[in-house]
Amino acid sequence: MSQSAPRDPVVVRWLLTITALAFLGLFLVLPLATVLVEAFAKGWAAYARALSGDDALASVRLTLLVAAIAVPLNIVFGLAASWAIAKFDFSGKSLLISLIELPFSVSPVISGLIYVLLFGLQGWLGPWLDDHGLRIIFAVPGIVLATIFVTFPFVARELIPLMEQQGREEEEAALTLGAGGLTTFRLVTMPNMRWGLLYGVLLCNARAMGEFGAVSVVSGHIRGLTNTMPLHVEILYNEYDFVGAFAVASLLAVLALVTLAAKTALEWWHRDELVATGH
Amino acid sequence: MLRLDAEEAGRLILAALFAVLVAMGLAWAIPGARAAETRTLLNVSYDPTRELYQAIDAAFITSWKAKTGEDIKINQSHGGSGKQARSVIDGLPADVVTLALAYDIDAIADKARLLDEGWQKRLADNSAPYTSTIVFLVRRGNPKQIKDWDDLVKPDVAVITPNPKTSGGARWNYLAAWGYELHRSNGDQAKAEDFVTRLYRNVPVLDSGARGSTVTFAQRGQGDVLISWENEAYLALKEFGDGFEIVTPSLSILAEPPVAVVDKVVDKHGTRDLAEAYLRFLYTTEAQEIIAGNFYRPRDPAAIKRSAGTFPVVKLFTIDAVFGGWKQAQTTHFADGGVFDRISARK
Amino acid sequence: MSIATLSWRRRTRVASSVIPGFGPTLGFTLFYLSLIVLLPLAALLLKAAGASWAQWGHILGDSRVLSALWLSFGGAFAAALINAVFGLLVAWVLVRYPFPGRRIVDAFVDLPFALPTAVAGIALTALYAPNGWLGRLLAPLGIKVAFTPLGVVVAMVFIGLPFVVRTVEPVLQDVDLELEEAAASLGADRLQTFVLVILPAIAPSLLTGFSLALARAVGEYGSVIFIAGNIPGVSEIAPLLIITRLEQYDYVGATAIAVLMLALSFSLLLAVNLAQKWRSTRMGG
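Those sequence lines, one after another, are chains A, B and C.
Each number in my numbering comes from the position in the first sequence (counting from 1) with 301 added on.
Each number in my numbering comes from the position in the second sequence (counting from 1) with 54 added on.
Just so you know, my numbering puts 66 at position 73 of the third sequence, and the rest follows in order with no gaps.
Where hints are given, some of them may not hold.
With a Cα cut of at most 25 Å, we get these calculated DSS-like pairs of lysine-lysine [stated by the list, open to error]:
{"hint": "1", "chain 1": "B", "residue 1": "Lys208", "chain 2": "C", "residue 2": "Lys137"}
{"hint": "2", "chain 1": "B", "residue 1": "Lys201", "chain 2": "B", "residue 2": "Lys369"}
{"hint": "3", "chain 1": "C", "residue 1": "Lys137", "chain 2": "B", "residue 2": "Lys198"}
{"hint": "4", "chain 1": "B", "residue 1": "Lys165", "chain 2": "B", "residue 2": "Lys318"}
{"hint": "5", "chain 1": "B", "residue 1": "Lys201", "chain 2": "B", "residue 2": "Lys245"}
{"hint": "6", "chain 1": "B", "residue 1": "Lys292", "chain 2": "A", "residue 2": "Lys343"}
{"hint": "7", "chain 1": "A", "residue 1": "Lys394", "chain 2": "C", "residue 2": "Lys270"}
{"hint": "8", "chain 1": "B", "residue 1": "Lys322", "chain 2": "B", "residue 2": "Lys121"}
{"hint": "9", "chain 1": "B", "residue 1": "Lys245", "chain 2": "B", "residue 2": "Lys369"}
{"hint": "10", "chain 1": "B", "residue 1": "Lys165", "chain 2": "B", "residue 2": "Lys322"}
{"hint": "11", "chain 1": "B", "residue 1": "Lys292", "chain 2": "B", "residue 2": "Lys359"}
Here are some chain C residues pointing at chain A (derived, C-beta under 8 Å) [said to hold, decoys possible]:
{"hint": "12", "residue": "Pro13"}
{"hint": "13", "residue": "Leu37"}
{"hint": "14", "residue": "Trp85"}
{"hint": "15", "residue": "Phe101"}
{"hint": "16", "residue": "Asp103"}
Hint data in this document are derived by calculation from the structure and do not stem from the laboratory.
Backbone N, C-alpha and C fix where the C-beta goes; we use that ideal spot for every residue, glycine too.
Here chain A stands alone, though its shape is the one from the complex:
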């Protein structure tokens, strides 16, 4: 990776390196450090107290629940979509791929708004839902839906190029040898997909747990019930409980760092299997 090292003068190298590191330090390290410093500004006791409050614990539970529903659903979708796209040819494939990538271009606020329009009391399905005692908006299902919307491209996006790169020969060979569809999928396709899938799941999960804008619109902010961790951070922030807000934020920051570490480990050890997606 140091092909041009002998070619560039040392001064230039140092200058560029330091500038790049300064840029990263300014925009990445400082904000992260701020979270940790502010969280512990009043000591360990205050930090622990902030995290053990009822509402804080409820928000952690809700965040985990939402991720536990959204991520598996998106995995199923990702597998189905990439199978259909990679193993078959049909017209409209590019359109389908663009549609799958759609949520990336949509503002989180809009992502939440569309569900309010659909399921809110004044929306299309609102009155019907209300008559049947079903609550979607301002309840957990609404939060799950909004989270699914924002995160579902992640898994599909990892798997589609990976499956396309794998081609169809292996599966076709297995099938001509007499394996059933599901067996083929299990024993031939999945082992090739393992690391790409895991990679997509990591990103999907990080975003699912951290989503703020979309969830803020559909949540209702009922403490202890419909506040995820990011929303709870906002609530604490607005109650002058800055230590509390940064304490919960620090949990999310730790989650982010763990995600990064896992991602890097994956890339390091399974570079070949991930190469199709440009990592």
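Since the structure of chain A is provided, determine the placement of chains B and C on it from the hints.
Same frame as chain A, now just chains B and C:
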């Protein structure tokens, strides 16, 4: 045609998986799908009342348990008053609403028909168990020498106030300023508009709720003066120590934040008795003491006497007298195309 | 293979009829997509379509809407530009100059992907507020970041940071050294080589990264909302305007602005994609 057995098996598994996950989700959506729970009230309130209702809820739960032996739970939601009203209209299942101004509850009655139009007459004092007013919070020593409303339009003064489009407190602030200049100029609406325009020109940041503005002013050090609910100002003093002072203007508006039971919701939840008792509780001596302790002006004469030292005497006008009530004020000033839109466009 | 099976294959237009599962997987994919994406978006478009021409004119002519769109798109553009320049720099340093801890730095670049937006929002605000670490240093210089459009750009730079780095890095790694050596042997200095040989090679990926960063920053809410000033006409971002309209019971207005934002974003991405395609066909791929 193709290998149907593997096909069907695959399809069945996918469908089963999906069904299980959907069922999990629905189990959360349908109330009562879980095992029989304690009865719960949802109180949808405005931004600054977080601490107040934390105390009130605890007291009511104890009192209710003592009276009926029933364990209950009260959930709270807070945000800008207008924003909260919108959420209730969109389906947030509030058993009671305790908002910043009558218009927001009128809107819920009007647009979602969740309660009766005559809701305000159901409880004493226009359904407002506490009142408040608008004061200024300045930095210790009052470096910019802010004494009254007209100091807020001076060119070198930065004013913090929330967004009237989302915050109830912001609308009270606006009307208090307008009312002051109207009074001073002997009813000249044009002068009042000019005054308020100059005031908003001094505003560097508009938060979506009263609490957001307090955070901006007190924690983030923005601005020279915060126009705020009286109770917010006192709470800020308590939270942030002696870095701040309260300045009481010569004239301010009587703010009556009302409370109401949301009929359709309590009838569906079977919590009407609970909700009505909860709101009636706000008028009891015990609750009025808590209210005064949180720097809201109580209605109960005994509590007023006891807390007389806390609250300064302010000359107050009402929204009915000066603006013809909330509906009128909302249409004229805060609705789309109203005076506030004109003022913002002019900056 | 019997004749019947062959003609079936032709009828279904499926290239590989040996692999099963086309029906169920495509069916499920379309079902999921429709439920989660298409149906709600249709609700959005229909609601916006309910606006009369007069209302559309009113919204498009509203200076507050235009200012918010200008801030969101303009700020995102500026931020994406900054990310293009510095992202290229970071990618260059990571690929070409090894230094101890390079792998950790490389991993760290993805932080904005993994960190929740609200956390980034309060952290950046704490940092750049007048009493924050950086705000305190900048105040004497007369530079105000928090609550100004500059703060919005800073948050957007954070959000878009990984995009350019990640799209340029692999291409930079694959740049053929022989081309550089050839240029050097023909007498070009490093700068000339960079501009005339390397830059054109990575230009497409740079453009892709730029547009991804742009698209992401335009709609960003969580990290921007804490540091933005929210003054109408000055420092109010478009997503906040949508929420404000929503809170005024103005659903039509909210959806109209949302549709406008979507249309502008898509046009931008489409333009970039077309430019890429045109360029690649012109240069032969």
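### Message
Checking one constraint from the list: CA of Lys208/B to CA of Lys137/C, max 25 Å. Satisfied?
### Response
holds, 22 Å
### Message
Against the 25 Å threshold, does the CA-CA distance of Lys201/B and Lys245/B hold or violate the hint?
### Response
With a Cα-Cα distance of about 20 Å, the restraint between Lys201/B and Lys245/B holds, given a limit of 25 Å.
### Message
For Lys165/B and Lys322/B, compute the direct alpha-carbon distance and say whether it is at most 25 Å.
### Response
holds, 19 Å
### Query
Holds or violated: is the Cβ of Asp103/C closer than 8 Å to a Cβ in chain A?
holds, 6 Å
### Query
Can Trp85/C be said to touch chain A, with a Cβ gap under 8 Å?
holds, 7 Å
### Message
What's the verdict on Lys165/B and Lys318/B, does the C-alpha distance respect the 25 Å limit or exceed it?
### Response
holds, 13 Å
### Message
Given the hinted pair Lys137/C and Lys198/B, is their Cα-Cα distance within 25 Å?
### Response
holds, 21 Å
### Distance restraint between Lys292/B and Lys343/A, which requires alpha-carbon spacing of 25 Å or less
holds, 18 Å
### Message
A closest beta-carbon separation below 8 Å is what the hint needs, so does Phe101/C meet it against chain A?
### Response
holds, 6 Å
#### Entry: Pair hint outcome, Lys394/A versus Lys270/C [Cα-Cα no greater than 25 Å]
The given pair, whose Cα atoms are some 18 Å apart, holds under the 25 Å limit.
### Task
Decide if the proposed pair is consistent with the structure: Lys322/B and Lys121/B, CA atoms, cutoff 25 Å inclusive.
Holds. Lys322/B to Lys121/B sits at ~24 Å (cutoff 25 Å).
### Query
Regarding the hint that Leu37/C lies at the interface with chain A, is the smallest CB-CB distance below 8 Å?
Nearest chain A Cβ about 5 Å off; hint holds.
Going down the numbered hints, you'll see the structure goes against none, and every one checks out.
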